[in-house]
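Please work from the sequences and hints to get the whole structure.
Per the numbering used here, residue 7 is the first one in the sequence shown, and the count goes up by one each step.
Calculated from the structure, these hints are not laboratory results.
Source: prediction; values computed, not measured.
Be aware that a few hints might be false.
Calculated cross-link-like contacts (lysine-lysine; reagent style DSS-like; alpha-carbon spacing at most 25 Å) [claimed, not checked]:
1) K40 with K86
2) K110 with K43
3) K107 with K76
4) K40 with K77
5) K23 with K70
6) K77 with K110
7) K40 with K70
8) K43 with K86
9) K110 with K86
10) K40 with K28
11) K28 with K76
12) K70 with K105
13) K70 with K28
14) K86 with K105
15) K70 with K86
16) K76 with K109
17) K43 with K77
18) K109 with K86
19) K110 with K70
20) K70 with K107
21) K28 with K107
22) K43 with K70
23) K77 with K109
24) K107 with K86
25) K77 with K105
Okay, the calculated beta carbon distance ranges per label pair [as the list claims (entries may be wrong)]:
26) N73 with N35: 15 to 23 Å
27) K107 with K28: 31 to 39 Å
28) I116 with M7: 16 to 24 Å
29) Y15 with L85: 17 to 25 Å
30) E20 with Y117: 17 to 25 Å
31) Y26 with I74: 13 to 21 Å
32) N25 with G90: 16 to 24 Å
33) I24 with D92: 32 to 40 Å
34) I24 with F106: 29 to 37 Å
35) V49 with I17: 12 to 20 Å
36) D92 with I31: 32 to 40 Å
37) G90 with I38: 21 to 29 Å
38) L112 with N64: 14 to 22 Å
39) P56 with D92: 20 to 28 Å
Heads up, the beta-carbon is just placed ideally off N, CA and C, and yes, glycines get one too.
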Amino acid sequence: MIITLDNIYNITCENTKINYEKLTIIINNFLISKNLKVSDIGVIYINRGPGSFAGVRNSLSIVKAFNIVKKIDFYCYSLKDFSGEDDVSYENIPNLCNKFKIKKNLINPIYIS
7 MIITLDNIYN ITCENTKINY EKLTIIINNF LISKNLKVSD IGVIYINRGP
57 GSFAGVRNSL SIVKAFNIVK KIDFYCYSLK DFSGEDDVSY ENIPNLCNKF
107 KIKKNLINPI YIS
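Here is the structure:
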């Protein structure tokens with residue numbers, strides 16, 4: 007999902023075991039389809055789990071790469087961080103991260119055991 011001042015864009019992809027191999031291609035194609043560039047991204051919000059080890063690890067690795075190479079800050083959250091909140095829609099994640107004081111650039115993954 008991409009949230010701009012004027013629009014909200016989202017896509018869904020078939021859940022396959024090889025998505026981790028093509029995640030950067032999926033992201034790039036999504037940006038191109040909306041006439042956006044990586045340089046247009048100001049902040050990334052990423053769900054840190056729970057999830058499979060490979061899925062969470064790969065997603066967080068890509069976000070960390072954006073942070074290192076493009077200096078894009080990120081917030082890693084879990085929906086459990088917002089327990090008791092009524093509006094836990096993805097569109098509201100930036101507001102919830104502010105409200106619940108989720109720390110910037112901190113990775114603390116939650117894996118399914």
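Each hint tested on the structure:
With a CA separation close to 31 Å, the supplied pair K40 and K86 exceeds the 25 Å bound. Restraint check for K110 and K43: the C-alpha separation of about 22 Å stays at or below 25 Å, so the hint holds. As the CA atoms of K107 and K76 are separated by approximately 24 Å, the hinted pair is consistent with the 25 Å bound. The straight-line distance between the Cα atoms of K40 and K77 is roughly 22 Å, inside the 25 Å bound, and the hint therefore holds.
Distance restraint check for K23 and K70: the Cα-Cα separation of roughly 21 Å lies within the 25 Å cut-off, and the hinted pair is therefore satisfied. Distance restraint check for K77 and K110: the Cα-Cα separation of roughly 12 Å lies within the 25 Å cut-off, and the hinted pair is therefore satisfied. Under the criterion of a C-alpha separation no larger than 25 Å, the hint pairing K40 with K70 is consistent with the structure, at around 23 Å. In summary, the hint linking K43 to K86 is not supported, as the alpha carbons are separated by about 31 Å, beyond the 25 Å threshold.
Restraint check for K110 and K86: the C-alpha separation of about 17 Å stays at or below 25 Å, so the hint holds. At most 25 Å may separate the alpha-carbon atoms for a hinted pair to count; K40 and K28 meet this at roughly 19 Å. Distance check on the hinted pair: K28 and K76 sit about 20 Å apart at the alpha-carbon level, within 25 Å; holds. This hinted pair checks out: K70 and K105 have alpha carbons roughly 23 Å apart, not beyond 25 Å.
Taking the CA atoms of K70 and K28, the gap is about 17 Å. The hint holds against a cut of 25 Å. A hinted pair counts as satisfied when its Cα atoms are at most 25 Å apart, and K86 with K105 qualifies at roughly 14 Å. Straight-line distance between C-alpha atoms of K70 and K86 comes to about 22 Å, which keeps the hinted pair within the 25 Å bound. A C-alpha spacing of about 19 Å is found between K76 and K109, which places the hinted pair at or below 25 Å, so the restraint holds.
With a C-alpha separation of about 14 Å, the suggested pair K43 and K77 falls inside the 25 Å cut-off, and the hint holds. About 15 Å separates the Cα atoms of K109 and K86, which keeps this hinted pair within 25 Å; it holds. Taking the CA atoms of K110 and K70, the gap is near 12 Å; set against the 25 Å cutoff, the hint holds. A hinted pair counts as satisfied when its Cα atoms are at most 25 Å apart, and K70 with K107 qualifies at roughly 20 Å.
Restraint check for K28 and K107: not satisfied, since their Cα atoms lie roughly 32 Å apart, outside the 25 Å limit. Taken as a hint, the K43 and K70 pair is honoured in the structure, with Cα atoms around 17 Å apart against an allowance of 25 Å. Annotation: proposed proximity of K77 to K109 holds, straight-line Cα distance about 16 Å (limit 25 Å). Under the criterion of a C-alpha separation no larger than 25 Å, the hint pairing K107 with K86 is consistent with the structure, at around 14 Å.
Simply put, K77 and K105 have alpha-carbon atoms about 23 Å apart, close enough for the 25 Å limit, and the pair holds. Between N73 and N35 the Cβ separation comes to about 21 Å, which falls inside the hinted range of 15 to 23 Å. Taken as a hint, the range 31 to 39 Å holds for the pair K107 and K28, whose Cβ atoms sit roughly 35 Å apart. Between I116 and M7 the C-beta distance comes to about 20 Å, which sits within the given range of 16 to 24 Å.
The supplied range of 17 to 25 Å is met by Y15 and L85, whose beta-carbon atoms lie about 21 Å from each other. For E20 paired with Y117, a C-beta distance near 23 Å keeps the hint of 17 to 25 Å intact. For Y26 paired with I74, a C-beta distance near 19 Å keeps the hint of 13 to 21 Å intact. Between N25 and G90 the CB atoms are about 32 Å apart, so this pair departs from the stated range of 16 to 24 Å.
Judged by the Cβ atoms, the range 32 to 40 Å given for I24 and D92 holds: they are separated by roughly 37 Å. A C-beta distance of roughly 34 Å is found between I24 and F106, which places it inside the suggested range of 29 to 37 Å. Take V49 and I17: their Cβ atoms lie about 19 Å apart, and the range 12 to 20 Å holds. A hinted range of 32 to 40 Å holds for the C-beta pair D92 and I31, which are about 36 Å apart.
Distance hint for G90 and I38: a CB-CB separation of about 39 Å, inconsistent with the stated range 21 to 29 Å. Look at L112 against N64: about 18 Å separates their beta carbons, and that is inside 14 to 22 Å. Separation of P56 from D92 is about 22 Å and conforms to the stated range, judged on CB atoms against 20 to 28 Å.
Hint check: violations occur at hints 1, 8, 21, 32, 37; the rest are consistent with the structure.
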